[in-house]
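The whole structure should be built from the sequences, with the hints applied where relevant.
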Amino acid sequence: QKEVEQDPGPLSVPEGAIVSLNCTYSNSAFQYFMWYRQYSRKGPELLMYTYSSGNKEDGRFTAQVDKSSKYISLFIRDSQPSDSATYLCAMSANDYKLSFGAGTTVTVRA
Amino acid sequence: SAVISQKPSRDICQRGTSLTIQCQVDSQVTMMFWYRQQPGQSLTLIATANQGSEATYESGFVIDKFPISRPNLTFSTLTVSNMSPEDSSIYLCSVVGGMVGETQYFGPGTRLLVL
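Going down the list, the protein sequences come from chains W and R. What the first sequence shows, in my numbering, is residues 1 to 110, in sequence order. What the second sequence shows, in my numbering, is residues 1001 to 1115, in sequence order.
If you're looking for bench data, these hints aren't it; they were derived computationally from the structure. Every clue listed holds true.
So these bits of chain R aren't anywhere near chain W, every CB distance computed over 10 Å:
| no. | residue |
| --- | --- |
| 1 | I1012 |
| 2 | R1015 |
| 3 | Q1024 |
| 4 | Q1051 |
| 5 | S1053 |
| 6 | L1073 |
| 7 | F1075 |
| 8 | T1077 |
| 9 | L1113 |
Quick list of in silico lysine-lysine cross-link-like pairs, PhoX-like style, CA-CA up to 25 Å:
| no. | chain 1 | residue 1 | chain 2 | residue 2 |
| --- | --- | --- | --- | --- |
| 10 | R | K1065 | R | K1007 |
| 11 | W | K70 | W | K56 |
| 12 | W | K97 | R | K1065 |
| 13 | W | K2 | W | K67 |
| 14 | W | K2 | W | K70 |
| 15 | W | K97 | W | K67 |
| 16 | R | K1007 | W | K97 |
| 17 | W | K42 | W | K97 |
| 18 | W | K42 | R | K1007 |
Glycine included, each C-beta is placed from N, C-alpha and C at the ideal position.
Next up, the structure:
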């Protein structure tokens, strides 16, 4: 069993829809949770970072963490074609080392 | 956030040769890491580049294959030695600025194709 499970998709939605992404994990030592966006042929770009259970909002992006269920989510509201990318969840314990999910490829259709 | 550059951005190499990838950061950082992203896969941590001491390798990665240097707080190199086609990947460096849990930023990556 992988430490971090993420459905690779692909996920295709119409412009303006809500995109819902999620990851589950097995390591209860994970305390820090991140979402990265990766465009084709680019390095991962940090989108959201959180270290506690609950919701964190930043513009059109909302990250949710449920440590009791070992489940994290990312929601993108009012999705735009420019949101088309691969979204990677990542998490770490107290050692900075990141464990990544497989990444979900998202296409937002104009 | 830190600005990270990598050289080369891409390369095509012959099997049996070695390639050294450079990672330069525009400010001093506490931690530097090297990751590999194989085609269609997610990122896998290769090692932690320790300033002034030997790198710390993850399971499945060894120093003879991936020697790493970190001479100061803004620069690191990763060498991919005795390459085979299975080493074709994107290699990325990442940095952490300070305290535990501080956000981690990635360089643009080096695309390596081994023939």
